[in-house]
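Colleague: In case you want the letters, here they are:
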Amino acid sequence: MEFFHEPKIDWMGIKWYFIALSLALAAIGLISMAVKGGLAYGIDFRGGTVVNVKFSKAPNLDAIRSELDRQNLRGATIQRYGVPGDHEVIIGLDLKTTTSSEALDQGKRAIVTTLSGLFGQGQAGKLDFNNSSPQTVSDHLVAADPLGLSSQGFDTATKAYRDLADAVINFRNSAPRSGLISDFQELSSVPGVNAGVIATLRNDFYLSSFAVKNTQIVGPKVGKDLRRQAVYVTLAGLGAMLVYIWFRFELSYGVAAVVATFHDVTITLGFFSLLNKEISLTVIAALLTLVGYSMNDTIVVFDRIRENVRLNKRENFVDLINRSINQTLSRTILTSGLTFLAVLSLFLFGGEVIHGFSFALVVGVIIGTYSSIFIASPILVFFQKRLPGSAVVARPKSYAREAVPARR
Amino acid sequence: MKIKGRAIFIGIVMVVCLLGIIGFPKNFQELKDNVRSRIRMGLDLKGGTHLVLLVNVEDAVNITADQVLERVRDELKAKNIPYADVQKADDTQVQPPKHRVVVKGVPQEKAGDLQTLSSEQFSDWELSRMPGDATSWMLALKTTAAANTRNQALLQAMSTIRNRVDQLGVTEPTIAEYGQGDYELVVQLPGVDDPTRVKDIIQSTALLELKIVQDGPMSSRESALAAHGGVLPPDTQLLPGPTGQNGETWYLVNRVAAVTGRDLSGAEPSHDVNGRPSVNFTLARDGAARFGRVTGANVGKQLAIVLDNRVYDAPVIQSQISDRGEITGPFTPQKVQDLALVLRSGALPASIKYLSEEIVGPSLGADSIRHGVIACIVGFVAVMAFMLVYYRGAGINADLALILNLIILIAALGYFGAVLTLPGIAGVILTVGMGVDSNVLIFERIREELRLGKAVGAAVAGGFEHAFVTIIDTHVTTIVSAAILFTFGTGPIRGFAVTLTIGLLANLFTSVFVSRVIFDYVLSRREKGAELSI
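Protein chains in written order, with our numbering: chain A, 1 to 408; chain B, 1 to 534.
Derived by calculation from the structure, the hints in this document are not laboratory data. Treat the hints with caution; some may be incorrect.
[As the list claims (entries may be wrong)] Pairs of lysine-lysine, DSSO-like flavour, derived with a Cα cap of 27 Å: (1) Lys77(B) / Lys104(B); (2) Lys353(B) / Lys224(A); (3) Lys335(B) / Lys159(A); (4) Lys46(B) / Lys159(A); (5) Lys335(B) / Lys221(A); (6) Lys57(A) / Lys46(B); (7) Lys32(B) / Lys159(A); (8) Lys126(A) / Lys335(B).
[Stated by the list, open to error] Pulled a few chain A residues facing chain B out of the computed Cβ check, cut under 8 Å: (9) Ser32; (10) Lys36; (11) Ala124; (12) Lys126; (13) Gly179; (14) Asn214; (15) Gly237; (16) Gly292; (17) Val300.
All C-beta atoms in this analysis are idealised placements derived from N, C-alpha and C, irrespective of residue type, glycine included.
Given only the sequences and the hints, what does the whole structure look like? Please build it.
Modeller: And the structure:
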């Protein structure tokens, strides 16, 4: 099977269309960032509090909001999250609310108190099973000893109840319950749970209709540090790549590859800004992946160019680049297609948590492939003429004249 | 035979890696347990609490500076060097903070003795003359010594926190430095999804000090100051005491403690004579000797039991006490348990501030894993199926290389004890992408060589030879940048760099070496003149 059979496309002849397209995309992204006052950072970079809550049925967001307002948590953002059937909501507080007091987790505690008031319906003295840890459940089981294990000694009984509590909580946390049960009877399918255990739990616990799934509280310093670090580290990585390519190829190749990769990151960030997606730490991981991928793609083409230059010193540089892109086209499309397949499955099936991550990868693979075909090579031609130490300068005069591409 | 040797080598690698992942299971349950214990998931996948905290190391330097004040006086007396005054110079507000002690009124002829004393006893301090005053000297804490104290404080904070977390029974906690040179720590507590108590216990400085009371109790800070003419006597401080029916109480106590929490050898929850919850402590030998001396000299005075700069109790010293004591106060039984625990685990050398907190509920982790696994399997199967369709026989080759690549990667993560996190999975994805790419590069090149009319054997050799240069360049470039990420990045970014580096090294082995061996094997069994399935 073969998609391309020795294509002969004049890529460099149509380069201006794509340079214009890239500039337009970059400009749209940058304008979007400028209009929106920078990128939308996730909680890990911005600082603040985010609590991810799952409800057993669709919650009334207005009720939550007014109750939070009453608790002096004004300005809280409340958003639905994930697929509608999951009834998940994200409640966020910005940094001001988070650090107004010494206690970092004050906002979170207020949110949980508010939710308990609205959705708890607990009886006095009972604990909320849906928000209890295995340790708590185990403590209560040991105290009540519904399986009559005390005769076997304290340690044995404690261990047995701890294992049972783990099993019960694992059951609660696994799909389709995902952290919430609505009746203690559901637990009867867990091995080791009998009527006595259920009676004990029913006696000591109640079932609220919400479960806190995830909490993130980021102070101002951590957020700022992380943001700075992500930028510096990425730039340092690009710098190291530049040096290596310089060493293995020539300076102009390195500069072209780095500029092309930078182009990819800029446009991807532009998409994030346009679509109002947040930049979180996992998105940074995806961007680093994109940097690696795009660089890989570009180097494959450059490698072919270098090889062809060695084999055929007299060929016009522009023709040679066209030929090199055509020779590697089949490979470029195949690899990109396959990688795209993999990240697309991550995007479609990976779930909400890694949505930003997989989105960055999907956009990144497309942009990365596009740039290594249409953008990296024109930039290489541009720098090949201008940077010192380039092959053109080092070669005999007659060749140098030939190698300077004629403008079309 | 040459192929045989290489095949055996690959077999050994595969067996070692497989054993690394599954161990020696006797049944299916053991197999599951082994895999689970070998592939360690990060908190974002498994659930638990992730804390970032700041250690205020400057506290420790301040304590060092306070202690030296007392020692300077003692040594001056011991060496018969007369002096008018020894004081702390108050210039700790500047950045970076400076710690200086000023010695005033030393006669000119004793200057030599002072210099000898300083170099012998206070090597961490630098002695210099005060400008414009021949009898005044200044001891300044050396920058290196201050830095050393800060680092020591960080290390001690780490070990104290580790002790405390261990005593609480948290399994496999991670306590490590976070960032570079910022005195920040990251504490990860797998499985803990309600960290309130753990946080309180970690944060509790539990700085226990026993100090001789000079005056008190007094009803307010103002009345205490008024009783001493508005100025505190030298080397004393005012501390708040318990608030009872009569309102606040304040005590004037010696600045330097008779003994501190560092001198403890043990602490146990107990009850006092009235049946109230209390903590009994015992002192180690040095501390006991010092405590005996101080209490012996101060019979009839009050002894303040100071915890975190608050007086909890101030009993009158009836007679000399040496090695044990009791702390009582308005404590609940739970509080007494926790207090004994933190006293046992050693005091924090500096206060702590929480910078960030992340609690991943176990159900969220479970959802992430389930979705991630489904997505990975779908993606993986799609890629492998495509390789088979597009490259037919050679597709098998690529798929085998890809599977082996993943096995090596997972095994290496297990052997290195690395933790798999979401960014780590990003590294795996890039690895798979580049693994597929390596194969595509080689196969496309072989096809090219075949098109040029080369014989099958020569085409395979040529394809590998040419593609090898490209593969080395792409891989080394990426590994170089991963090395930078690993060196300068923290937590999540490092996780990405680690999986990526291991994955790419494994890929060099599988796509260049293993794949070649399979090709050579196929070629050796091929009938003469038959076509290569690629």
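Colleague: Checking hints one by one. Is Asn214(A) an interface residue toward chain B, by the C-beta closer than 8 Å rule?
Modeller: Since the shortest Cβ distance to chain B is 5 Å, the answer is holds.
Colleague: Just to be careful, I want the Cα atoms of Lys126(A) and Lys335(B) compared with a cutoff of 27 Å; is the pair within it?
Modeller: holds (22 Å)
Colleague: Hint check: is the beta carbon of Ala124(A) less than 8 Å from a beta carbon of chain B?
Modeller: violated (20 Å)
Colleague: Just to be careful, I want the Cα atoms of Lys77(B) and Lys104(B) compared with a cutoff of 27 Å; is the pair within it?
Modeller: holds (14 Å)
Colleague: Taking only the CA atoms, is the gap from Lys32(B) to Lys159(A) under or equal to 27 Å?
Modeller: Given that 27 Å is the threshold and the Cα spacing comes to 21 Å, the pair holds.
Colleague: Holds or violated: is the Cβ of Gly237(A) closer than 8 Å to a Cβ in chain B?
Modeller: holds (4 Å)
Colleague: Holds or violated: the hint that Lys36(A) contacts chain B, with Cβ atoms closer than 8 Å.
Modeller: violated (25 Å)
Colleague: Between Lys57(A) and Lys46(B), does the CA-CA distance stay at or below 27 Å?
Modeller: OK: Lys57(A) and Lys46(B) at ~26 Å, within 27 Å.
Colleague: Identify whether the interface hint at Gly179(A) stands, where standing means a beta carbon of chain B within less than 8 Å of its own.
Modeller: holds (4 Å)
Colleague: For the restraint on Val300(A), tell me whether the closest CB of chain B is nearer than 8 Å.
Modeller: Constraint on Val300(A) satisfied, holds at 6 Å.
Colleague: For the hint on Gly292(A), does the least C-beta distance to chain B fall short of 8 Å?
Modeller: holds (5 Å)
Colleague: Classify the hint on Lys126(A) as holds or violated, based on whether any CB of chain B lies nearer than 8 Å to its CB.
Modeller: violated (16 Å)
In summary, the structure is inconsistent with hints 5, 9, 10, 11 and 12 from the numbered list given earlier, while agreeing with the others.
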